Each structure stands twice: as C-alpha cells, then as structure tokens.
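S.K.: For reference, the chains in residue letters:
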Amino acid sequence: AQCTDNWSTCSRTAVTGHHHHISKMQVTHMRSAQCGQRVNRSRTTSVRCQAKFSTQQQIPFAAELIANAGYICQPGRGILASDESNMTTGKRLNAVGIENTESNRRDWRELLYSAPGLGQYISGCIMFDETLYQKSASGQQFTELLMSQGIYPGIKMDTGLQILPGGLGETATQGLDGLLDRAKAYKAQGARFAKWRAVLKIGEQGCPTTMAIHENAHALARYAQICQEAGLVPIVEPEVTLGPGNYTIEETAYWSERFYSHVFRMLNEYGVMLEGILLKPNMCLAGLDAPVCTPKEVAHYTVRTMKRCIPPAVPGIHFLSGGMSEEESTVNLQALQDEYPGSPWALTFSYGRALQSTTLKTWAGKPENVDAAKAVLVSLAKANSLAQQGLYKGPHPVPGGGRIIQAMRIGGAGK
Amino acid sequence: MSFAMKTAAPSMVAGSRRSSVRVQAMKYDEELIKTARTIASPGKGIMAMDESNATCGKRLDSIGVENTEPNRLAYRELLLTAPALGNYISGAIMFEETLYQSNKAGKKLTTICQEQGIQVGIKVDKGLVNMSNSNGEQWCQGLDGLDKRCADYYAAGARFAKWRSVVSIPQGPSMIAVRDCAYGLARYAAIAQNAGLVPIVEPEVLLDGEQDIDRTLEVSQAVWAETFKYLADNNVLFEGMLLKPAMVTPGADCKKRASPAQVAEYTLRMLRRRVPPAVPGIMFLSGGQSELEATLNLNEMNKSPNPWHVSFSYARALQNSVLKTWQGKPENVKAAQDSLLARAKANSLAQLGKYDPASEGSQEAAKSLYEKGYKY
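Chains as they are written, first to last, in this note's numbering: chain S, 828 to 1242; chain L, 129 to 504.
Calculated from the structure, these hints are not laboratory results.
Since this is a predicted model, take the numbers as computed values, not measurements.
There may be inaccurate statements among the hints.
Heads up, simulated DSS-like pairs for lysine-lysine below, C-alpha to C-alpha not over 27 Å straight-line [as the list claims (entries may be wrong)]:
no. : chain 1 : residue 1 : chain 2 : residue 2
1   : L       : Lys462    : L       : Lys431
2   : L       : Lys155    : S       : Lys1123
3   : L       : Lys162    : S       : Lys1134
4   : L       : Lys155    : S       : Lys1134
5   : L       : Lys431    : S       : Lys1134
6   : S       : Lys1220   : S       : Lys1209
Computed beta-carbon distance windows for the label pairs [said to hold, decoys possible]:
no. : chain 1 : residue 1 : chain 2 : residue 2 : range
7   : S       : Lys1242   : L       : Pro298    : 53 to 61 Å
8   : S       : Gln1016   : L       : Lys384    : 54 to 62 Å
9   : S       : Thr1037   : L       : Gly273    : 29 to 37 Å
10  : S       : Met1235   : L       : Lys155    : 55 to 63 Å
11  : L       : Lys384    : S       : Lys1242   : 51 to 59 Å
Idealized CB from N, CA, C, for every residue including glycine.
Please put together the full structure from these sequences, using the hints given.
M.R.: Below, the structure is given as structure tokens:
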C-alpha cells in the first residue's frame, strides 16, 4: 500500500520552513509501504529544518548585509525617513502652501539631503521610488549626494495599505508581487537597505484581530526574506500605531509583545538572517486621548517589550516617531539609553515627522529660507544623535511641540 | 494596575477576549523574578541530582552499590552536605523522593539545601514515552494534575521546577515531535509559574547521531523558535524563567569534532538568534560531554559579556568523579565531597570566564560520559 498523505500534511514531514528537498522527500515518502511504518532515517528523507538561508554560510549576501546593517545602526547615528509617497508628500507640501509637483518634491528632498554636516548624525536615509532616481539641481544623483555625506540610501518597498475584511478598519500591507525584481533594480540604483511598514491598530473594540497580526507578520517575513536574497538589508517595521482612545501604555506594551513575537516566529520560519535586518518598532505610548506618558514610563515599557521579544542577533532597533512631537521623540530616545545601557542591540531612531515637520515649516517653499531650514534639520538630527548616545541634556532645538498626527492612507498602490 | 475586560462594556479596551492576562501582576511574579535572578547569579550554577530511582540505580550499580532508598539518601546527602557548596551552586534539582527525605538525624534534605544557600528545585515531568505516528520519537508526559503537584512541591520548599523534553536529530526530527516538545514545555512553564515555581525550560537536542555542527545548529534554532512561540502564546513571564539548552556540538558519532571555541561560537550564535534578553539565565546541560569538556565549553562562552547569565545545570558532569571516589564507602565521603567541590568550583570559574584548564589534575574528568540512547 502507498502512503496517501501529501508530504505537506503528513505528520512525518520533518520540521521545515522552506522545502528545498520537496521532490526528493515526496518521492521517497510515496515509496514507503504504508503510513505507520517508520520513515527511512537516511539523509534523503531528512528534510532541512529551515530555508537554506538560516545558516550564515549559505546566505549569498550575508557579509554585506551584516556590514551594511552595522554601519546604519552605529553609535550616534540614525535614519532619516523621507520615503513619503508622492500623495503623502503632496499633503505635507500643501499644508505649507507648496504645490505638489515633481519639481517641488525634488527641491524639498534636495534641501534635506544637502544639509551640511547631516552625515555626522544620519547614517541612512529612506527614500521613495521617485526620489531614488532623482537628481539635484546640479545634476548629481541623490544616491550619490547622500553617499558623499556618508549616508546610505534606502528604499520604501511596500506599495501601501489595504483594508482587511471584517469591518474594523484593520490593514494589510501590499507589495510582494514582483518584489525580488524591484529589489534587484533598487540595489543596482544604489540602495543598500529597504523598508516595509506594517500597521496594527489597537484601542478600538475588537482590535487587533489574530488575522491582522498573522497577515502583517507574514508579509513582513516574506518581504525580509526576499530583500536579503537580493542583498538589501530589510528594515522590518511592525508598527502598533498611535491612535485615538484612552488605552493605557500597558495595553500598547501587551499588543506590541504579541505582534513582535509573531513577527519573529515568521522571520524564524522563513529563514531570515537576524544579523542582517534592522527593526523599526513603535515606542510604547498610551492612546491619544490618555495623558502623555513620562519618558521614564515610555522607556520602562518599551525596553521591557524589546527585552521580551527581540533576540540579541538583531543589530539595531530604530524607533519610529509615529506622531510624537519632535521634543518627545528626543527625550524618549534618551530615556531608553538610561533604561538599558549596554543593550545588545542599538537603541536608535528612524524619524520622519520628528525630523521634517519644523524643517518644512521653516522652508515654506522659499529659497531665502533654505539655509535656515537645513540648520533646523541638522540641529534636530544632532539632538537625536546625542540622545542615542545617552548624552542629550537639552534644550531642544524645537521645544514644546504637539503631537504630529497624520491620517492612515489606504489604497495608495505605491504612488 | 489592572484592567478587567468585559464584553458588556463597549467603552472598555479592545476585543472581547481577555487580553489582560500578563498586563496585571500575577501572584508570584516578583518572587519568580527574584528566584530566577538568585539562581542566575555570577559564579553560580545548578547541580542536577534529579535522576529517577531507576537511573539513580544505574549510577549506584556502576560503583557496586545497591539501589535502595537508604543508599539513594546517603548519596544525595553526601552531595548536599559538601561544605560551602553554596559558593558555587545556587540551585539543586531533586527527584520527588528526595524532596521528602530526611537524613538519619531527622533533618529534611530540603532544609540542608536551604541552609547551604541553595534553592530547592524539583523535577515535575512524568518522563518520556513513545510518540505515535512519529519517526520513532518520544514526547514528555506530566501535564495532568501538574498544578496540584507544583503547589504541593512549593509547600515542601521547592522554588524552581524542571521538565525535560527531548528532540532526536537522527529521527528527523518530525514536526509533530518538535511541536509537542515546545507545547508541553510552554504549558508546564505557565502552570509552574502560577504555583510559584520558576520553570526551567529544557528541550534537549540529543547528542546521539552523526550530524555535523551545522545540522545541530539548524535543528536547535528550529526547536527554540518553536519553544519561544508557544511560551509567548502561553503568556509565560520570561523574566521568571530559566532555560536549559544543550550546547551546539557535532553529534556523538560525527567524525568531525569541534573545539571549545567552535562550540562556543555556534552555541552563542544560536542563543543570540533565539533568546530575548528578558530571560535571566541559560543553564546548559552537559548531556554526555566529559566533565572537562563541559567546563571548557562553558568557559569559552563566558569570555565576553552576554545579555543573559550563561551557566551550567550539570548532572553527570558534576557527579561522575564524585561517584568514582565515594564507591559507597563512608570513609570516602570527604574525598568524594572534595571532588564535587573541585568540579563545582571549576564550573563556577568557567561561568566567570576565568577557568584555567591547567588546574585540572584528574584524568577522570576527561572521560566522555556519553551513553548511546541514554535514558535519564
């Protein structure tokens, strides 16, 4: 009698994440006389436990990934997130009276990337697709401009959020189709790292669902695996988003733990090399309608969550600012260092709004304001650099700002 | 602060599921964290002496001593009364019989242990049995009535527990065996913590087989990924738990051997990839390595700082020379205890990364303790 079980459902299939020996295993198992008989213990039936990329020796770009990740999360430096889609960039520009044209978007990014001395405090810059191919007014590729500052170019890889069924407004992140080809093309253009943002909503009745957690963790792991295959360091961004409601910081911590543990179990199963990723999580905060937590509280819950979920093999944790004010983003980052000096991973930053908000307002599209705007950017970057090293004492270059909220954008399809 | 989740109150926090299990402090949380830290303190490790009566019998047989309760008592008392053992040993794992034994003067062994400054641990699993429809593998029993057993053990003075599951590389391992191993450990850990016992989580990847060190790494990574998956799902408090992994080495029958530096490199790589820093201590099992190997490998791993305490929970690697020296004779007790203290001290130094192999005089220490198809 022949075994009628499919190899993927037969309980005797060895522990596996990726099935590189599918045909051998399937064939050999079909040959065994009947289920219940001990499967041949020879090497041909012993399926690999994980994707071949799990052991460092086998991953093609292992050394390069580790080196690039290490460069980006080095002490005293962090990431400038300037990968807003054209639509989102447009909203920002509009808010200070600037029209959303390619030329204006180009001017805005040139302002940021040519800020003198930015490279002392920034090691990586995440870009949007359009921006990766743009040039400065003098004709220099932005990627080269950044590299000349000692800043590695990165690229947003996802194509935006879509609503999940269930009526709760939860989201999945899109972009897996054709991802490998895109990753290779971006690498050829000069990108060294990539980013994919997954969002989990809490604080509303019924949220988050297991479906949302699974879907987002799965997509992050697939994206990370593909990026490593192409030689890009994947920033894995599982964001428990700061949203309306008076939910407590403890609840944020709880759901962050659940989310990150799923993310890491998927990364493990998909054979992602943890030494060659960077993490971009949220800090633990209470809901928007609850009182703002002190830096000490934020640091306590955030560090506790990181300690419970993030294996030391991950070299750097670059926190997102996610709506925190510019000052909050800095003082909280400082508090993290105080809470866990000597952490096995770098506790650092990848800030968008917290570096750009006042910078943009200072520029307001006027050439005569460009230098002042650049100075604001560099002063913010410096404050965060000091905070990352546990050396920030204040005063903050942009004190007392409020939360910088942006609505979640659905259905962008990568534009 | 706690928040109860009731489906009747729509203004309350997310979902109709109770999500607050780990948000509010459970009864023993503080004590668990304190006990775990005490066991995982610098220069200290665990003495595993929880052999079942049958296995203890094997030990006694090997030195021509009859396997009787008084003899088992005499042996365990010998171990626990070694002078100032608490300088090197922070916890001793007992078998149930031993937990309730008293010496001839009527003093409980648990009291002797506590007076030495050593935490009392207890084996709580019910042993390995064959797993149906697997690749001839085994699973670990013991969840039935575990909550009551743990509560009783706590009352008897135990403060930590141990459950040993195994994974066999030559057998596959199959997905169902690895799953069950992880599942059993996670359920046991949750139950133990609720009864005030720090769970030692031990999914032993057995030394048996011809696999090379890369294959051992691959399997170990998969086993620990699965284990942490279930531990997280079961809301186990990582700060109040200890791990007992096997080091990552080539299989016993693999022709290509590994140096202590290589064992350390691979083992630390596995730990860094799978163990979050919230876990306070990783207490390695010796699993058939010689006394000397077990010490050398531990020492290598402690040459630079780790985010968790990296130490030992050794049975054979602490007891082998002791048994050979004792031979069941009262006149040999002091020499046997000296032998135990020597090994305990060596491993204590290894925990600090300060062990010097030149200090070893004993030939016995270099003997392999590997037993094919070993039954604990």
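S.K.: Does the Cβ pair L:Lys384, S:Lys1242 satisfy 51 to 59 Å?
M.R.: For S:Lys1242 against L:Lys384, whose Cβ atoms are near 55 Å apart, the range 51 to 59 Å holds.
S.K.: Assuming the hint says 53 to 61 Å, is it satisfied by the Cβ distance from S:Lys1242 to L:Pro298 or not?
M.R.: 54 Å, holds
S.K.: Taking the CB of S:Met1235 and the CB of L:Lys155, does the distance hold inside 55 to 63 Å?
M.R.: 40 Å, violated
S.K.: Between L:Lys431 and S:Lys1134, does the CA-CA distance stay at or below 27 Å?
M.R.: Holds. L:Lys431 to S:Lys1134 sits at ~22 Å (cutoff 27 Å).
S.K.: Take a quick look at whether L:Lys155 and S:Lys1134 sit within 27 Å of each other, Cα to Cα.
M.R.: At roughly 22 Å apart (the allowed maximum being 27 Å), S:Lys1134 and L:Lys155 satisfy the hint.
S.K.: Given the hint of 29 to 37 Å, is the C-beta distance from S:Thr1037 to L:Gly273 inside that range or not?
M.R.: With Cβ atoms ~31 Å apart, the hint holds.
S.K.: Is the hinted pair S:Lys1220 and S:Lys1209 satisfied, with a Cα-Cα distance of at most 27 Å?
M.R.: 12 Å, holds
S.K.: Given the hint that L:Lys462 pairs with L:Lys431, test it: the Cα-Cα distance must not exceed 27 Å.
M.R.: Given pair L:Lys462, L:Lys431 is violated - Cα atoms ~33 Å apart, limit 27 Å.
S.K.: What's the verdict on L:Lys162 and S:Lys1134, does the C-alpha distance respect the 27 Å limit or exceed it?
M.R.: 17 Å, holds
S.K.: Just tell me: holds or violated, for the beta carbon distance of S:Gln1016 and L:Lys384 against 54 to 62 Å?
M.R.: 43 Å, violated
S.K.: Against the 27 Å threshold, does the CA-CA distance of L:Lys155 and S:Lys1123 hold or violate the hint?
M.R.: 25 Å, holds
The structure fails to meet hints 1, 8, 10 from the earlier list, while all remaining hints are met.
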